[in-house]
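Trainee: Sequence:
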Amino acid sequence: MPVHAIWRSWRPVLLLGSLLGALLAMAGCDDAPPERSSAGFAGLGESDGGYMQASPDTPLHFPADHGAHPGYRIEWWYLTANLEDEQGEPLGLQWTLFRQALLPPGAPPRETPPEPAPWVADQLWMAHMAVSQGEQHAVSERFARSHSTTSPRQAASQAGASAHPFRAWIDDWVLASDVSDPEADTFERLRLAAFDGEGDKRFGYRLELTAKGPLVRHGDDGFSQKSADGQGSHYYSQPFWHIEGEVTLAGKTREVSGRGWLDREWSSQLLSPDQTGWDWFSLHIDSGHRLMAFRLRGGGNDGDDYRSGSWILADGTTHPLDSQELAMTPLATARVAGREMPTRWRLEVPGRGLDLIVEAPHAERWMETTVPYWEGEVVARDHDGGERLGVGYLEMTGY
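Under mature numbering (1 follows the signal peptide of the UniProt record, and there is no 0), the residues of the sequence shown are numbered -27 to -1, 1 to 372, in order.
Mixed in with the good hints, there may be bad ones.
[Stated by the list, open to error] Pairs of lysine to aspartate or glutamate residues, derived as EDC-like cross-links and limited to a Cα-Cα distance of at most 16 angstroms, are as follows:
no.	residue 1	residue 2
1	185	217
2	185	158
3	225	57
In case anyone wonders, no lab produced these hints; they're calculated from the structure.
Sequences and hints are given; from them, build the entire structure.
Mentor: The structure is reproduced here in structure tokens:
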């Protein structure tokens, strides 16, 4: 979520005012749909301005790529989960940490003294947390700043992401590896803790995540093209999480278990300037397969939408899907936050014999955050027979 400013030594009030002002200017924060930008949704189509560029020529490396990439402008760690409580009632959650570089590599002032002032920083962080069940949808948002130096101060900073051992955090919201063996994959087991509110308004979760399959590279071995112009992102997922733990909503805590999906993505120009937003699906099919699919509105050939995805077998074998192999058709909308949001879709992957109706059981999943968007649980059913085939998450931006 971009913010365009040169960061030096700001007082706290100036930092907050500059941050919120930039974000509000990008995306709007009232009840009206955001204005269209000449740089794509939320400024993500702006030229990279001296930052490193995502490229298919840059291979992914683990565990290093689990950590932050401060040479790129934008980055996120994005977890969604479809869970059930002790009574078998469905419950959804999201935890996301966003990083925004405020200075490209080599831009002054890049170096800092051994003990920099507390408000000297070149990285901005934003985090979202949500818990949803039935008509309940609780959302929280936090902001922080840090410096990209690798000094010991970084581990004690307000927010950050380190690769080995893996840890991504903002204040006391922490996603961290539970693997102590330095030779093992630090993403085999994670733990997540995040809470907000007090009393009957308290919500959050304490979870253990165990990987039941391999990491998945999207697109061209981890480079995910986002428009016909060729720009894109480095993008991989862990779509095989088994999750157990406890979730608190409206002050009530219950035991939960289910499936999770973690996305990792970083870029310096994610969109083309004419792309106004996206519709993104992650689906857990009951057969053991997974489907990731997105539609970027604009940016395709001849001004069409740009579509891409991944068909993931139960063993983690991944087959990229291009616009010719994937159809995504909105079928019905619901009025949410003053917008018509497409909450019922048809997803078709003819080459895999897949024809799905994907629908949000509850439309009120608007994320009333500084950069607002829709994010919520969906159920996938067979188009012809109507039988339930899976669950997942849908994110929609730019409406």
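Trainee: It remains to establish, for every hint, whether it holds in the given structure.
Mentor: Tested hints:
1. 185 x 217: holds, 13 angstroms
2. 185 x 158: Holds, at about 13 angstroms.
3. 225 x 57: Distance of about 15 angstroms is within 16 angstroms: holds.
When held up to the earlier numbered hints, the structure conflicts with none and fits them all.
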